[in-house]
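Chains as they are written, first to last, in our numbering: chain Z, 330 to 477; chain A, 6 to 411; chain H, 10 to 362; chain W, 71 to 598.
If you are wondering where the hints come from, they were derived from the structure by calculation, not from laboratory data.
We treat Cβ as the ideally placed atom computed from N, Cα and C, and that holds for glycine.
One or more of the hints may lead you astray.
[Unchecked claim] With beta-carbon atoms standing in for the labels, derived distance ranges: (1) H/E106 / W/P407: 53 to 61 Å; (2) A/G362 / Z/G435: 37 to 45 Å; (3) Z/K397 / A/D370: 45 to 53 Å.
[Said to hold, decoys possible] Here are the simulated DSS-like pairs of lysine-lysine, each with C-alpha atoms no more than 27 Å apart in a straight line: (4) A/K144 / Z/K341; (5) Z/K334 / H/K192; (6) A/K273 / Z/K334; (7) H/K141 / H/K221.
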Amino acid sequence: MADYKDIIASCKDQKGGIIEAFHALQQEFNYIPREALTEAARVFGISEAQAYGVATFYSYLSVEKRGKYIIRMCESAPCHVAGADELLKAIEKELSIKVGETTSDGKFTLELTECVGQCQATPVITINSEPLFNVTAEVLPQVLSAYK
Amino acid sequence: MAEEMRVLLEYADKINPEIADEYVKIGGYVGLEKARKMDPNDLIQEVRSSGLRGRGGAGFNAGMKWSFVPKNAEIKYVVCNLDEGEPGTYKDRIICEKNAQALLEGMAICGAAIDSNQGYIYCRGEYPFIVKLLKNAIKSAKELGALGDFNIEVRMGAGAYVCGEETALIESIEGHRGEPRFKPPFPGVAGLWGVPTVVNNVETFACLPSILTNGAAWFAGIGAAKYPGTKVLTLTGDTNNPTYFEVPTDYILRDVIYKLGGGVKGGKKLKAVQVGGTSGAFIPESNLDTPIDFDSMGAIGAALGSGAVFVMDETRDIVDIVSRISKFFEHESCGKCNPCREGTFRCREIMEKINSGKATQKDIDNILLLSRVMKKAALCGLGQAAPIPIESTIKHFADEYARKIV
Amino acid sequence: MITLTINGKEIQVPKGTMVLDACQQAGADIPTLCYDPDLRLAGSCRMCVVEAKGRPNLMAACVSPAENGMVIETESPDVVESRKIILELLLARHKLECHTCERDGSCKLQDYCYRYGVTDSRYLNEMPHFSKEDPNPFIKRDYDKCIMCTKCVRVCEEITGAQAINVEDRGHHAKISTVFDGKLADSTCVFCGQCVMVCPVGALTSKVSAGKGRSYQTQSVLTTCTYCGTGCTFELNVKDDHVVGVTSVRDSELSPVNKGALCVKGRFGWDFIESEDRLTTPLIKENGELRPASWDEALDFAANKIKEIKAKNGPDALALFSSARATNEENYLAQKLFRAAIGTNNVDHCARL
Amino acid sequence: MTNSINELEKDATAVFLIGTNTTENHPIIGYKIRKNVRYNGAKLIVADPRNIELADIADVYLQFRPGTDVALVNAMMNVIITEGLDAKDFIANRTENYEQVAEVVKKYTPEYAAEICGVDAEDIRKAARIYATAERGSICYAMGVTQHSTGTDNVKTMCNLALLTGNLGKAGTGVNPLRGQNNVQGACDMGALPVSYPAYQAVTNPDIRAKFEKAWGVPLSPNNGLTIPDVVNKAHHGEIKGLMVFGENPMVSDPDITHVSESLDNLELLIVQDIFLTETAMKADVVFPGVTFAEKNGTFSNTERRVQRVRQAITPKGDAHPDWQIICELSNRLGYPMNYSSPEEIFEEIRTVTPSYAGINYQRIDNTGIHWPCPNEEHPGTPILHGEKFNRGLGLFHAIEFKEPYELPDAEYPLILSTGRSLFHYHTGTMTRRSSALNEFMPSNVVQINPETAAALNIVDNEKVKLVTRRGSIEVNAQVTEMVPAGVVFTFFHFSEAAANILTQAEVFDPVAKIPEYKVSAARIDKI
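So that you can see chain Z by itself, here it is in the shape it has in the complex (with noise of 0.2 Å):
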């Protein structure tokens, strides 16, 4: 695994980019870890608490450990006129967690998320930010078996 210093100090030319490098963190650790977010907040010059209020307020940033995958399943309107709520709960019931939890093997975590833009193929869910579309409880299994 590559270190969080050397993530954050690939991001340290961007002004103000302290995003960028939780981004660039989430990409290899899935979640933000409580020293990457002092260390980030130390390089781009704000407060720790200013650094937490950050990364708090953005839904795809998260500070608590997460699994390998995160599925995100959209409840917007077009895609829960889709069968949204259906498939929220296939996924639930597939993977044995509720939204916001992680399964217990660290594989998956299952979050909700508004609209992802791919409105043209609902119900919508991503898997690492992967758009999958048309997804139905009965390809569901198959969906999902494709991540290791």
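Got chain Z sorted already, so can you dock chains A, H and W onto it with the hints?
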């Protein structure tokens, strides 16, 4: 007239948007070259007289917006809003995927007009692949020398609808919580890092190359007189053809749904259509013959907004959908101002109560009162717009509510 | 100068004046919760909204510059309706325990609800549960009373510069927290209590003063701090002849050095005054033990001994360590005592220590 | 302070902090400086052996070896002169003796001083340039500069630096000692000093003495009195027989407490007037119960010379008396009548013999205090000294050579020990140790040790250790922290049960100011 008119998307899928050279071969970067030779004042005037109005939501004349930027400021920024978060909207993504170079060229034209050599594109966190595409496109354009000394940096959001609001977007680029600022000062005077900043939407910038190439009069002659040009729409919901279209702005809503969209899915009847994203008003069938331009939409209490067109068939439960929409706003409120932070929360509570059949007329009265206060007292557009779906459905679909209350 | 009309009254203000100040100049009392003239503007509580003719929405007076020709109403039906609803929304998230709240009687939420006749909230339903015990001896944090004005965040950042707290999360989940929502003691907090000073409600209160008296039960006496040499001024809160707290004076005339800002010692280090250990009677040493004595006895004892030494060894066998804690008047008298009454210049104090 | 506190928030464009842990010991001043740096872009130079909070936001942080202040500042002057950054007009018009200083600092090249101070030569250059090129540069210092055997030299060197750059007499400039006690300025102003009457009027000057003899109606001693260390020593030798200690606690605050204790035990008469039974009061023959600031009226003069009101809020506890009344009673019994009806009446007398206070009265300072000098009732007070000219006319440069501290580390005592204050306590702890919240938060002393030093000694955080010097030892918990550099340890003097001043030296003082060398003692740490 029921045809698409493709200006921005004319060469969709015919060129690789990441390769500047391909864009040049179809006449790209001619507009920028022309702009660079013009006096900045004349350039601003040219854009102004084209009648181009912001495609982001507020519909402000782009040239006019630029003219507010103080000439004497040493540093100025051009910022592109690619945070399209309105549910049902993905037209900026399409424009980037099909014609990213036009966006870059448009930003550089704006740079020439306001004397700025630094641009930022703020791309929503849901589109990491667009960030990659844009970075490649910028690299290619820089290597070709097409952008001259104009530089563009791409920054990625991280899941916050409110960052589509221009001052929240600026805060986010600065590395802060994406909370909107109060205005004035407007970004044109004090924006990114406190210096004058023009913030326009992807689609607005992408219109500029053709305006410069073909002339302001050409553009002004397309579509609605007061909101000229074309508009990229995305059709979602109960439609037979859930995809994007580019149409002139005098195109009417009925044609979007029935001609381009091929009608309501399953041959059902239409109950409602919501235009402009999830903050838009619900439009009943009776208003379908309205042109989509900004002012015509405004006249029926709706808004063109992002150009999302969400179709709901006769079987849809309006209260359930609005209840879901109220959850969206609760989730996306930044929490800075009281009317929005508390209001969106209570709106969701009341909508869920109505939806579950436990509410009374008193609850409807309470939510209408709350909506009125949010609209007039919230700090930014999010809190002001959040009650619109509620109000418009209580107005146009009262029977749907009446059915659910005790 | 620009001219504007406020509640039918025409007034002139310098360009750049905010509507809030113009309203105040026109005699209109505008309610505010997030506004603080010493802090960066937030414009977020929206209590100060006023109606400007010709504008579609209400404007927040604190962040809106006055413009020439503006016509403003500060208590129009729309304005009053908005303020009432905002108050109801805040009441719906505010743990109502005025009966035991330290800030009962000095709470802005209470004051404004009273002013606008807001008795309860039609939006009362789910309540937030943000409060948890913060084990520090100085500041009680009860965020179930917090109304999110963020003055504490701004004062911590801008006046003290400790930057210990910020808004965490967003929307209705937003709350004030330290990094990773930890204890204040583990943060960069220096317990200056500036946050307590600016909190408009009972979300942040002094643990040292808790239960000792509310604002309407106490008298305030302006004085100067007894600790370091900065010379901060503050008010001692007095109830039944006991000091029960320290509060800030924000007025720069009355608090020229600190403008209400204090440090942990000034704000929370006052209860030594009421300590059980205080000396309350003169003492005389007898057989190696100090025993209580009357003033006459103690003073006579001291005076006689001084006279004796002076007679035997001369005045320079006597010395005074005066006090850098005592007043000018006392130091003057003390040195005068030794110089004029005893006759020695053996006078010093601990300026070097 | 030559200048006022609020200038540090608004006017200063560069601030040079040396030997002051401002945010802990003068928090409000520290906050103002931080605000100026963060929001107005003021430059900040911090010189301190400890990595204090403000070092985090400093443009240059000089973590120099304790006691090498003169070498450091001489080198800054060397840079300023070499690079032509000195204020030539100011030097020519308003100062004298420049040449001597220029000559002395020649050898203090940044490289030479860097060797002595243990800092980077380039940082000395940077610091010098920032301070010298600032439009308005302010020097602030505290006990970190003065509590040395070379304290007076250190202070004079700061003055040299200000004179060299013309940073005096304007808003945001000056040489600003931050004084540690609420009324240490006032006590000095009031003549609680062995060599001067109120307003620093020399007791040895016959004209002045005549003035005071007239005012007070008795003949006065023509001889300078004794300083506290001299009194303690002479009590030890039996020459001082009687001592009155008023609101002081030398059994905690003074160097080498064992020595102090012996001295006090040797007295025929010890009178203590205080609010608590302090460690000193326990030794007294007679104790007068005084009152706190909350129980009396009067005035304090703060570090910027602002005279402010103290107001009585409650009646004195029990049978305690306001201190001024006790002194009057005692004086009356000594046959020298003092009959004042109020502190205000005393203040009216002060004005008549204290020219710098002559224009101040209780009405004028009812709301806002006034900075002395204030010679008459029309005078607005003087926030900034030395505007047009210095008291003596021209500003005098003093050529100062660097001298090592008295007690340097050696094989037996390899560490440098400095003592000082915590944010959470005050002085001898008489008040703060009895403030419930403060004492709960910080109930006991610690010794700060650098992780490297701690590792070498096999000591872990929170471990109880024995801190030893040639005078004695205390047992304290180790606080392993980067705040102190390797080889330096720091402890607080507030705690009588683990009193830092058991460890400090009573035989070493600055020869002029008689200030003890609290900032440098040779020490060692033993495991327990």
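Hints, verified against the model:
no.: 1; hint: H/E106 / W/P407: 53 to 61 Å; result: holds (59 Å)
no.: 2; hint: A/G362 / Z/G435: 37 to 45 Å; result: holds (41 Å)
no.: 3; hint: Z/K397 / A/D370: 45 to 53 Å; result: holds (50 Å)
no.: 4; hint: A/K144 / Z/K341; result: holds (20 Å)
no.: 5; hint: Z/K334 / H/K192; result: holds (26 Å)
no.: 6; hint: A/K273 / Z/K334; result: violated (58 Å)
no.: 7; hint: H/K141 / H/K221; result: holds (22 Å)
The structure is inconsistent with hint 6 alone, although it conforms to all the rest.
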